[in-house]
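Peer 1: Protein chains in written order, with our numbering: chain A, 1 to 341; chain B, 1001 to 1341; chain C, 2001 to 2341; chain D, 3001 to 3341.
Bear in mind the hints are in silico, worked out from the structure with no lab data behind them.
Note that the Cβ used here is the ideal one computed from N, Cα and C, for glycine as well.
There may be inaccurate statements among the hints.
[What the hints assert, rightly or not] Listed next, the in silico EDC-like pairs over lysine to aspartate or glutamate satisfying Cα-Cα at most 16 Å (straight line): (1) Lys3027(D) / Glu1333(B); (2) Lys313(A) / Glu1122(B); (3) Lys3271(D) / Glu3185(D); (4) Lys1027(B) / Glu3332(D); (5) Lys313(A) / Asp1127(B); (6) Lys27(A) / Glu2332(C); (7) Lys2027(C) / Glu128(A); (8) Lys313(A) / Glu1128(B); (9) Lys3027(D) / Glu1005(B); (10) Lys74(A) / Glu131(A); (11) Lys313(A) / Glu297(A); (12) Lys1271(B) / Glu1284(B); (13) Lys2313(C) / Glu3054(D); (14) Lys2313(C) / Glu3128(D); (15) Lys1313(B) / Glu128(A); (16) Lys1027(B) / Glu3333(D); (17) Lys3313(D) / Glu2128(C); (18) Lys3043(D) / Glu3026(D); (19) Lys27(A) / Glu2333(C); (20) Lys2271(C) / Asp2316(C); (21) Lys2313(C) / Glu3332(D); (22) Lys2115(C) / Glu2155(C); (23) Lys3027(D) / Glu1332(B); (24) Lys2027(C) / Glu332(A); (25) Lys305(A) / Glu333(A); (26) Lys269(A) / Asp253(A); (27) Lys3313(D) / Asp2127(C).
[Unchecked claim] Where chain A lies over chain D, by a calculated footprint (3+ residues, C-beta under 8 Å): (28) 3071 to 3079; (29) 3217 to 3231.
4 protein chains.
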Amino acid sequence: MLSFENDYNVGAHPELLRRLGETNFEKHTGYGEDELCRSAAEKIRAALGCPEAEIRFLVGGTQTNQIVIDGLLKSYEGVLAAETGHVAAHEAGAIEYSGHKVLTLPAHEGKIDAKELRAWIERFYADESHEHMVFPGMVYLSYPTEYGTLYSRAELEAIAAVCREARIPLYLDGARLGYGLMSREGELSMRDIARLSDVFYIGGTKVGALCGEALVFPRGGMPAHFTAVVKQHGGLLAKGRLLGVQFDALFTDGLYERISANAIDKAEKLKALFKEKGYAFFLETPTNQQFVQLRDEQAEALREKVRFSFWEKPDDTHTVVRFCTSWATTDEELDTLAAIL
Amino acid sequence: MLSFENDYNVGAHPELLRRLGETNFEKHTGYGEDELCRSAAEKIRAALGCPEAEIRFLVGGTQTNQIVIDGLLKSYEGVLAAETGHVAAHEAGAIEYSGHKVLTLPAHEGKIDAKELRAWIERFYADESHEHMVFPGMVYLSYPTEYGTLYSRAELEAIAAVCREARIPLYLDGARLGYGLMSREGELSMRDIARLSDVFYIGGTKVGALCGEALVFPRGGMPAHFTAVVKQHGGLLAKGRLLGVQFDALFTDGLYERISANAIDKAEKLKALFKEKGYAFFLETPTNQQFVQLRDEQAEALREKVRFSFWEKPDDTHTVVRFCTSWATTDEELDTLAAIL
Amino acid sequence: MLSFENDYNVGAHPELLRRLGETNFEKHTGYGEDELCRSAAEKIRAALGCPEAEIRFLVGGTQTNQIVIDGLLKSYEGVLAAETGHVAAHEAGAIEYSGHKVLTLPAHEGKIDAKELRAWIERFYADESHEHMVFPGMVYLSYPTEYGTLYSRAELEAIAAVCREARIPLYLDGARLGYGLMSREGELSMRDIARLSDVFYIGGTKVGALCGEALVFPRGGMPAHFTAVVKQHGGLLAKGRLLGVQFDALFTDGLYERISANAIDKAEKLKALFKEKGYAFFLETPTNQQFVQLRDEQAEALREKVRFSFWEKPDDTHTVVRFCTSWATTDEELDTLAAIL
Amino acid sequence: MLSFENDYNVGAHPELLRRLGETNFEKHTGYGEDELCRSAAEKIRAALGCPEAEIRFLVGGTQTNQIVIDGLLKSYEGVLAAETGHVAAHEAGAIEYSGHKVLTLPAHEGKIDAKELRAWIERFYADESHEHMVFPGMVYLSYPTEYGTLYSRAELEAIAAVCREARIPLYLDGARLGYGLMSREGELSMRDIARLSDVFYIGGTKVGALCGEALVFPRGGMPAHFTAVVKQHGGLLAKGRLLGVQFDALFTDGLYERISANAIDKAEKLKALFKEKGYAFFLETPTNQQFVQLRDEQAEALREKVRFSFWEKPDDTHTVVRFCTSWATTDEELDTLAAIL
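Working from the sequences, and respecting the hints, build out all of it.
Peer 2: Structure (structure tokens):
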């Protein structure tokens, strides 16, 4: 069935599969210490303009978030995040499982606000009993956000400034980073991301890979014995080559950007389509996730012909649903959707 | 200096010290398996009218909360609490440290609302992706609350009903239970507390003891091998007798209620005093904590003569402060305060 | 360079890659709820003769061990394992990270002994202070062991009997299960494994897959909300299909057994080769790992021409090394090794 | 009944009770920030000759061990301890609960050996796969040990030297420190302990107090925000004064040493008594714990007249039992025991 359910419902970009096949019988040592991982890391460093970046490939997003947050925080520290942030809302408590509180900030279409962040931190240290509270040890944000929105350059710079002032790292979850970079409204390049954050990851799972996220410490500072930390969290892949070869392909000849651009092109067409047909947007975004508001019976009828995600019930008679495009979305799929609408 | 800073700033009720001395050279086995603990538990069962209650004495409130919550929850469950609840705000992340998220509900002068609780749970199970979220595994509330307020009988019954419907335990933090029981507006007896909650604790630290809380499972259901659970959390006191003898004294001849009543009498006088002198209340409560709103310079001046707690800054020129009475507050102290005001 | 370093130094069996390619653009829902996972699980159930088995696909071995052990144990329970068991020795404390002690038993060429296990449990319960100790909550063993050895039918039955008597689950780590099943000395079929253990996993990573382990509860009993448990441990793969399609291929037309048999054939040849050339075995095993004792200078010389693993230093002048075969080992590789030796 | 069951079966030394009563109605701020704690810490610093020592009072031993170990270790580090060490054997997994493995060393009458310790560490770093193992992050030992034995000056210096070489802290559990200091064979003063260890605690619970241990970082280095760390582990006592006043008394006019000496005097008499009556020692120690080997029927008979601890069954017809003296043991008790024997 036609599906805009999410951006991880097909396999990998064919070039990645081709490279997987090509290297299949090469013998490589395990645990990410192989040539393919080394090559991929080198290409990412070049793309970021960060020769000193430390890079590690992990399997998935929640795992990466848990390892970074638990790996960098002291036991008495928590991570500040939007109340809609993935770590706050949709990781089944993976952060708390590792011992840390997610300290929530108001979300503005998925984004946190630098002023509110600063105020939170000031209030914390002004409280005489703050030794009885959870210390702010890191700021987490996602780019694009879980709502498909993007921070402007000024917004991200303001947040980064607060973090540096407070001497806490800024961690950027780039599960859908490619879609933010290629957005027509995106103001930030990969080099900006590397410059403004202290640690971030480049999402592979949602941008062309079978699995895999590239965790980057752009100016170094990866915790000592990070292999042990990753192993301890159950995140060390024996055949690290599987991640290496995919990121090597994604960062060869600009493939990552090129396939990300497709998701944006298709999202723009999809938006036009919905508008043309008179649908109301709950949230129209500059990236690959679009939130459409349907009447309940409309949603029911549509669900028989196309897959999408339920988002929320704004009232008793309407439903907000999410349509995702991806690197793999085709014009044919949009034509079929047009016919359905 | 005169102090209304909190309700744990003196030692123990003299009767408890007397009994400590009296039993000092009796030989008792360790870890709460002694005659004094047994006797105390028996007296509490009688006071609650719960012959089958299972009771354990622990040293402090945060420890008790951590042990109960971690001991009863599955790893994927969190505890629902008011955003101002002690477990949410003032335990330095002790609940998250033990692996569980505190799921916050709006606080209404420190209280949660049964309707909002039910709505939260319904929304959770209606969400198609709730397996990626933290399950509601328990409801936590404090009686009196951190704001000195009390649930009415109807309010607590409504919350208990939601819990039973959702098949999750209701845990009542009674750090200041005595002050709630003896409040002139309190509608609930100790037997009501035992009937409506699934597990609760009777606070000793703030009500006459040097330390100690009596954890009660009124209808049984203490987790198996609870001694091991307590030990593992670092909460097993070698000389459990120290807790047993104090609770034995508190539950002999109604001492617990009697000394709690003193805090209420003194709080009523204190309220009258502030009103008489024209002070504005931020929150006037039926228990032993009173929240007064002062002009900043007023607060400064007062701070030189009497100790109280800073609570919050409602605006740039005012300060909300807390005055606590306790089982030990005397008329002389109130007279001195009157003179100062 | 020629390599017998380990059994995960090439990619996947070509049939798995072919199926990955073939299904690449099928749209599948995420998190293991897809048709490919369902089909793979169905085939495994058939192979086990366990129609009621509950099956989940996870990415790697340490992750699987952590999730099973933490998912099944109470907080005050630990897991009994050989002191050489993977969970005891080589998971960077992943089990302790999740809060549980690994209780060690003596290892006999990697195996635990039923009598020693029973004695351990009896001694534990006989100790009057056992509530101050870590309860035995599960038995872990690996088949084949980390030393390439195998339990006989009688040995495994005796261990299973102790577990049932003590009412604790027997968990079998089958990272190299195929190599145990196809060993010429192996007495146990996959159905025997399913019958004798309470939970086990069928290793994919070391037996033909890019990654992936199939966790099996042969008679049901998977913990409730296991998706949340897996997510919380960072182990939920978005594109679960990657695991499903590989196990579907492995369990089609007996591929798993067939490719496992190759490792055994090649191991037998490798053993013959070493013997023929007069090398001493530290441990000659019936599976795909062989432990050869070399003089230090011999080891040095060999290392220049072929990769293998350092195992241990038995004395000052010798080195024990490990040679692994796998599903991918070829006769040509053995010929080259013969020439080198 | 006459009891030599353990060294925590009576209350507190009368002087501590007297001071508790005397200070009972003084108003003190909470959480160990009070004058009594400050005074006690000052006296301990003087006794240690460590003006820069950082000191914190905690409630019990397991709690202290958990907080120190978890507070100082990185997540991927474990603590090295004798296999008979309290943290290894009798804390219900409190160390593992906090995420850390206890790495065990052979115990020689409860003691670890510097050479074996060094060898363990060398072997660890020599292992090529040590990033997949638990790093040695601290050495734990108890003085006296759980077997009542004492390290000689040379032994402790050798262990301390290994720790410094390996750059890992040496943590000394002094639950019974007083009894080690006053032992007739004890070679180490409190100043030696402070000089040779990096962190240690002075036991109160077993040496005259109702509860309480004084944790000492003799040359500073207490982890930042230690209050938050303690709170998070559930170990922050509201009325910290209870601990402060007791240690203040114990460290006034040498009370701690004086009352410890009584336990040693009585232990020497007890040993003489058993010898005189022809009993066999399983382990005769220079401190307050004596291990006597009885025929099973002898043990049975004795148990009716005096309480002691079961220790172990060396064979089918004998039982090893422990007799403890303490600061509170009297000559009358020994006379009664003599009559019984």
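Peer 1: Next step is simple, just say for each hint if it's right about the structure.
Peer 2: To see whether the hints hold, each was checked on the structure:
For the hint linking Lys3027(D) to Glu1333(B), the alpha-carbon distance of about 12 Å falls within 16 Å, and the restraint holds. Between the alpha carbons of Lys313(A) and Glu1122(B) the distance comes to roughly 13 Å, so the proposed pair stays at or under 16 Å and holds. Between Lys3271(D) and Glu3185(D) the alpha-carbon distance is near 15 Å, which keeps this suggested pair within the 16 Å criterion. With a C-alpha separation of about 15 Å, the suggested pairing of Lys1027(B) with Glu3332(D) holds against the 16 Å cut-off.
Restraint check for Lys313(A) and Asp1127(B): the C-alpha separation of about 10 Å stays at or below 16 Å, so the hint holds. Taken as a hint, the Lys27(A) and Glu2332(C) pair is honoured in the structure, with Cα atoms around 15 Å apart against an allowance of 16 Å. Distance hint between Lys2027(C) and Glu128(A) is unfulfilled; the C-alpha atoms sit about 55 Å from each other, more than 16 Å. Restraint check for Lys313(A) and Glu1128(B): satisfied, since their Cα atoms lie roughly 12 Å apart, inside the 16 Å limit.
A threshold of 16 Å between alpha carbons decides the hint, and for Lys3027(D) with Glu1005(B) the separation of about 9 Å falls inside it, so the pair holds. Using a Cα cut-off of 16 Å, the hinted pair Lys74(A) and Glu131(A) holds, with the two alpha carbons roughly 14 Å apart. With a C-alpha separation of about 13 Å, the suggested pair Lys313(A) and Glu297(A) falls inside the 16 Å cut-off, and the hint holds. About 8 Å separates the Cα atoms of Lys1271(B) and Glu1284(B), which keeps this hinted pair within 16 Å; it holds.
Between the alpha carbons of Lys2313(C) and Glu3054(D) the distance comes to roughly 44 Å, so the proposed pair goes past 16 Å and is violated. Taken as a hint, the Lys2313(C) and Glu3128(D) pair is honoured in the structure, with Cα atoms around 12 Å apart against an allowance of 16 Å. With a C-alpha separation of about 12 Å, the suggested pairing of Lys1313(B) with Glu128(A) holds against the 16 Å cut-off. With a C-alpha separation of about 12 Å, the suggested pairing of Lys1027(B) with Glu3333(D) holds against the 16 Å cut-off.
At most 16 Å may separate the alpha-carbon atoms for a hinted pair to count; Lys3313(D) and Glu2128(C) meet this at roughly 12 Å. The hinted pair formed by Lys3043(D) and Glu3026(D) fails the criterion: a straight-line CA distance of about 20 Å is larger than 16 Å. Distance hint between Lys27(A) and Glu2333(C) is fulfilled; the C-alpha atoms sit about 12 Å from each other, no more than 16 Å. Restraint check: the Cα-Cα separation between Lys2271(C) and Asp2316(C) comes to about 25 Å, which exceeds 16 Å; the hinted pair is violated.
Using a Cα cut-off of 16 Å, the hinted pair Lys2313(C) and Glu3332(D) is violated, with the two alpha carbons roughly 60 Å apart. For a cut-off of 16 Å, the pair hint linking Lys2115(C) to Glu2155(C) stands: about 10 Å separates their Cα positions. The suggested pairing of Lys3027(D) with Glu1332(B) holds, with an alpha-carbon distance near 15 Å, which does not exceed 16 Å. Taken as a hint, the Lys2027(C) and Glu332(A) pair is honoured in the structure, with Cα atoms around 15 Å apart against an allowance of 16 Å.
This hinted pair checks out: Lys305(A) and Glu333(A) have alpha carbons roughly 12 Å apart, not beyond 16 Å. Proximity of Lys269(A) to Asp253(A) is assessed by CA-CA distance (about 26 Å); at most 16 Å being required, the pair is judged violated. Using a Cα cut-off of 16 Å, the hinted pair Lys3313(D) and Asp2127(C) holds, with the two alpha carbons roughly 10 Å apart. Given a C-beta distance limit of less than 8 Å, the hint that chain A covers the region 3071 to 3079 of chain D holds, as 4 residues qualify and 3 suffice.
Three residues within the 8 Å Cβ limit are the bar, and the region 3217 to 3231 of chain D against chain A gives 6, so the coverage statement holds.
Going through the hint list in order, the structure does not satisfy hints 7, 13, 18, 20, 21, 26.
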